[in-house]
Amino acid sequence: MSPLRPDLLDELGRIVGPRWLRHRRAELKTYAMDGLPTRESYPGVVVMPADADQVRAVVRLLHLAGIPFVARGAGTGLSGGAVADPDAVLIALTRMNRIQEIDRVGRRAVVQPGVVNARLSEAVAPYGLHYVPDPSSQAACTVGGNVAENAGGPHCLKYGVTTNHIVQLQVVLPDGSMVELGSPHGEAWGPDLVGLFVGSEGMFGIVTAITVRLEPMPPSVRTMLADFPTVRAASEAVSSVIATGIVPAAMEMMDRACVAAVEASIYAAGYPTDAAAVLLVELDGQPDAVEAEAELVSRILGSCGARAVRSASSAADRARLWQGRKKAFGAMGRIAPDLAVQDAVVPRSALPEIMDRIAEIRDRHRLSISNVFHAGDGNLHPNISFDRRDPDLVHRVHVACQEIMAACVAAGGSITGEHGVGSDKLDYMPWIFDPDTLGAMRAVRRVFDPAERANPGKVVPVHACREWAAARGAR
Amino acid sequence: MSDVVYGRLRALLGSAGVDRDPAGLPRAIPDSADALSLVCRLAHEEGWKIRVEGQGTWLPADAPADLAVSTRALDQVLSVSPADLVATVQAGTSMETLRRRLADHGMWLALDPPGRPERSLGSVIATATAGPLRHGFGPVRDHVLGCTVATGDGRLVKAGGRVVKNVAGYDLTKLQVGGFGGFGIVAEIHLRLRALPRADITLVARGTRDTLTSAARDVMAAELVPASLELLSPALAAEPDWVLAARFLGTDAAVQGDVRRLAPIADLAWQPLPADRTAAFWSLVARGSQGGPITLRLGVLGNGVDDAIDLLAHDLDENLLSAGAGSGMIRWTGDAPVERLRAVRRAAAAREIPMTLERAPWTVRRALGHFGAYREGVGQLVGRLRDTFDPGQCLQVALEASE
Chain A
1 MSPLRPDLLD ELGRIVGPRW LRHRRAELKT YAMDGLPTRE SYPGVVVMPA
51 DADQVRAVVR LLHLAGIPFV ARGAGTGLSG GAVADPDAVL IALTRMNRIQ
101 EIDRVGRRAV VQPGVVNARL SEAVAPYGLH YVPDPSSQAA CTVGGNVAEN
151 AGGPHCLKYG VTTNHIVQLQ VVLPDGSMVE LGSPHGEAWG PDLVGLFVGS
201 EGMFGIVTAI TVRLEPMPPS VRTMLADFPT VRAASEAVSS VIATGIVPAA
251 MEMMDRACVA AVEASIYAAG YPTDAAAVLL VELDGQPDAV EAEAELVSRI
301 LGSCGARAVR SASSAADRAR LWQGRKKAFG AMGRIAPDLA VQDAVVPRSA
351 LPEIMDRIAE IRDRHRLSIS NVFHAGDGNL HPNISFDRRD PDLVHRVHVA
401 CQEIMAACVA AGGSITGEHG VGSDKLDYMP WIFDPDTLGA MRAVRRVFDP
451 AERANPGKVV PVHACREWAA ARGAR
Chain B
1 MSDVVYGRLR ALLGSAGVDR DPAGLPRAIP DSADALSLVC RLAHEEGWKI
51 RVEGQGTWLP ADAPADLAVS TRALDQVLSV SPADLVATVQ AGTSMETLRR
101 RLADHGMWLA LDPPGRPERS LGSVIATATA GPLRHGFGPV RDHVLGCTVA
151 TGDGRLVKAG GRVVKNVAGY DLTKLQVGGF GGFGIVAEIH LRLRALPRAD
201 ITLVARGTRD TLTSAARDVM AAELVPASLE LLSPALAAEP DWVLAARFLG
251 TDAAVQGDVR RLAPIADLAW QPLPADRTAA FWSLVARGSQ GGPITLRLGV
301 LGNGVDDAID LLAHDLDENL LSAGAGSGMI RWTGDAPVER LRAVRRAAAA
351 REIPMTLERA PWTVRRALGH FGAYREGVGQ LVGRLRDTFD PGQCLQVALE
401 ASE
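In order, the protein sequences belong to chains A and B.
The first sequence lines up with residues 1 to 475 when you count with our numbering.
The second sequence lines up with residues 1 to 403 when you count with our numbering.
Hints are computed from structural coordinates only; laboratory data are not their basis.
Be careful, since some hints might not be right.
What follows is a list of derived Cβ distance ranges for each label pair [as the list claims (entries may be wrong)]:
hint: 1; chain 1: B; residue 1: Gly291; chain 2: A; residue 2: Gln100; range: 38 to 46 Å
hint: 2; chain 1: A; residue 1: Arg95; chain 2: B; residue 2: Gly377; range: 24 to 32 Å
hint: 3; chain 1: A; residue 1: Asp51; chain 2: B; residue 2: Ala349; range: 21 to 29 Å
hint: 4; chain 1: B; residue 1: Glu96; chain 2: A; residue 2: Arg466; range: 53 to 61 Å
hint: 5; chain 1: A; residue 1: Val394; chain 2: B; residue 2: Ala16; range: 57 to 65 Å
hint: 6; chain 1: B; residue 1: Glu223; chain 2: A; residue 2: Asp434; range: 44 to 52 Å
hint: 7; chain 1: A; residue 1: Ala410; chain 2: B; residue 2: Ser15; range: 36 to 44 Å
hint: 8; chain 1: B; residue 1: Gly291; chain 2: A; residue 2: Tyr127; range: 37 to 45 Å
hint: 9; chain 1: A; residue 1: Lys29; chain 2: B; residue 2: Gly377; range: 32 to 40 Å
hint: 10; chain 1: B; residue 1: Asp310; chain 2: A; residue 2: Ser177; range: 34 to 42 Å
hint: 11; chain 1: B; residue 1: Asp210; chain 2: A; residue 2: Asp434; range: 50 to 58 Å
hint: 12; chain 1: B; residue 1: Glu96; chain 2: A; residue 2: Ala118; range: 22 to 30 Å
hint: 13; chain 1: A; residue 1: Val462; chain 2: B; residue 2: Asp210; range: 52 to 60 Å
C-beta: ideal position from N, C-alpha, C; glycine also.
The whole structure should be built from the sequences, with the hints applied where relevant.
Structure follows, in structure tokens:
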């Protein structure tokens, strides 16, 4: 039985159609978690609007009733951001999955928030274009979710993260009003509210249409696999390549534990299982340039201690090399029932030291950690395999996560590079932001959502904020 | 009043931290983010109006105010990390000083804003004025990883960080880049750098505007990746004809390959500039945007460049004009009465083209606003954001037209 009033459920049902309302316990189970294994909470009800007008009507109704809400795409997020408390309405946007417009000359597309990331690239491929940000979950995650989290992916090293590819947003604000932010060109009609909105984790409103930038497919791509006798050598190779000024499209590292998991799974990519680390480097551009850069990169990798460097021999070979990387998280399911996927960033020069430190933390807490990450950006994903039924193990995982995060912050890094804060990292926010800055974040949130009903309790730890005067609307 | 302000500032910053501008207005010259925030707090408490000035080469320091705040003592390059391609720089640092410091480390900031080399970094960030390199390296926002800002009431907000990928908390940095100082005064900036390219070649072609815009479309379609692809009016390029300039940066192989592929496109006589003239050529283009008191920019999709130039030519002139043929960013410099500029903004808005006033005397800024044609609901958001970051309305910034 939903904790929400029956008449509210009726009204929601009238807006979206009773078929698109979920409130029985068994139905809600699907929505009780996202990709974060440690937080489960059943929403009061799930509504599935069909279009922007329905989103608007639902949000307006909730505004008048003073009820909190959480927007959700595919639920692949890794920070608990798409999980709602029982007193809140969960607004699932998966029905809004239409690509509304493709402008091949202007290289833009307009999509609804529920469009799956990979579907967009498939749809524009016939025009020689693609949508660049490619999170590992791209076969399932939605563009709306990507906007909320400012999602990244391997190819963001050269081409930037989600925020660099979004030019315009249609947004339903938490009071049910609708605004259009940005412009198709990218030059705004005012301050950069699109930039402010992207990555706000569903706390400023709900996007109902997204205009994205599309990029031409590179004329030539070279994917190289290098294997190293030590993680440190691989990390040093990454720093050396970056320092030459060559910007690879992607530079991804997997350590021995990760390679072992991948190679034992159906995603086996032919990675050498005896290597301490493998590096996947992708170069793209005009054929002659790629050729020359590949030669240079190959030399650098060799001089940093790579045992072997090989290039993908065909498109199929390249796809196979990438499949191993992208499905690595899935492959880790073989190691243990649960996986704590961590996400942190360090300055790239700190990679060798931080990898040593993570190994030390792993050994001290007797844990199994697999590292698979965007080495070129310094964006780490140390993933801890565990079984949540073992309380002692859960405790050690928790402590190890904190220690890893503290080490990354001490190295001058950040607590998240692409997964967001959600509810998972609230406690870490004061580690990198002072009370005034956190207070500013909260104040900005209240500009969009004065009653703080959109995805309440996420991102900004309210207790750590210095109070700011509420915006008075004096202007 | 002026003596009271001067005295209070001297008590706060010491005698080295205050002077008077040529018109006798008390001017605070803080040398740290903390000192800057103290000045703002004092002004907030006293209800004094502040105007900000950098090196004084871009926006004129002419807004009516009770005190000026100069960033000229915030001129330190605080750190450069070549291995991380990141630097932290104070806002008053000139672009030229920064360029030299970074070059010592083999690094550069891929921005070539309009204006003079002495122009301060803070001015470039606050006005988000990118130059021709925007085509290959993106707008100003793409180069800023974080910043420290003093709000109008003297709080210090430290947005973003020093790493190249970071989604912790809301992206407050974006509000400051191109916020024209309406949301606070930028004190320090964390920048994303690049390694200096091995090769840097610029080719120019001359012809009529029509020929060149059509050629630019062919270059885009051929999927060449110039760092800049800029259409320049004859006066701006100091040439008898319109000029299309293509700049290629990168490894030798990449640049040579692109130059080879460019040659047969569109039947144009592409001429490479001698290496020793490249910097002077682009510097001329940058300075050209100061050939009149007013500079504005329009943003269009690549295929709308022609129409937008027509609009400017019809309502203003096409004297000092540059257009990113791929980026769709069009910059006009000249002089015109407010009424005419307002008409241009209206005409542009009717075509869904945003127009931003980048530089003008205060009377024009005040009458027109840096931004002018908000979409429904956006004005309220911007107003509340300004209240949040400047609750006492101390910062004299004309984001919108004042009625």
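Hint check:
Separation of glycine 291(B) from glutamine 100(A) is about 43 Å and conforms to the stated range, judged on CB atoms against 38 to 46 Å. A beta carbon spacing of about 25 Å between arginine 95(A) and glycine 377(B) agrees with the range 24 to 32 Å that was offered as a hint. Distance hint check: the CB atoms of aspartate 51(A) and alanine 349(B) are about 27 Å apart, consistent with the given range 21 to 29 Å. Between glutamate 96(B) and arginine 466(A) the Cβ separation comes to about 38 Å, which falls outside the hinted range of 53 to 61 Å.
A C-beta distance of roughly 58 Å is found between valine 394(A) and alanine 16(B), which places it inside the suggested range of 57 to 65 Å. For the pair glutamate 223(B) and aspartate 434(A), the supplied restraint of 44 to 52 Å holds, since their beta-carbon distance comes to about 46 Å. Alanine 410(A) and serine 15(B) have their C-beta atoms about 40 Å apart, which keeps the hinted 36 to 44 Å range intact. The beta-carbon spacing between glycine 291(B) and tyrosine 127(A), approximately 40 Å, falls within the hinted interval of 37 to 45 Å.
For lysine 29(A) and glycine 377(B), the hinted distance range of 32 to 40 Å is satisfied, since their beta carbons lie about 37 Å from each other. At about 36 Å, the CB distance of aspartate 310(B) to serine 177(A) agrees with the hint of 34 to 42 Å. Taking the beta carbon of each, aspartate 210(B) and aspartate 434(A) are about 56 Å apart, inside 50 to 58 Å as hinted. Taken as a hint, the range 22 to 30 Å is violated for the pair glutamate 96(B) and alanine 118(A), whose Cβ atoms sit roughly 46 Å apart.
Take valine 462(A) and aspartate 210(B): their Cβ atoms lie about 59 Å apart, and the range 52 to 60 Å holds.
The structure shown violates the earlier hints numbered 4, 12.
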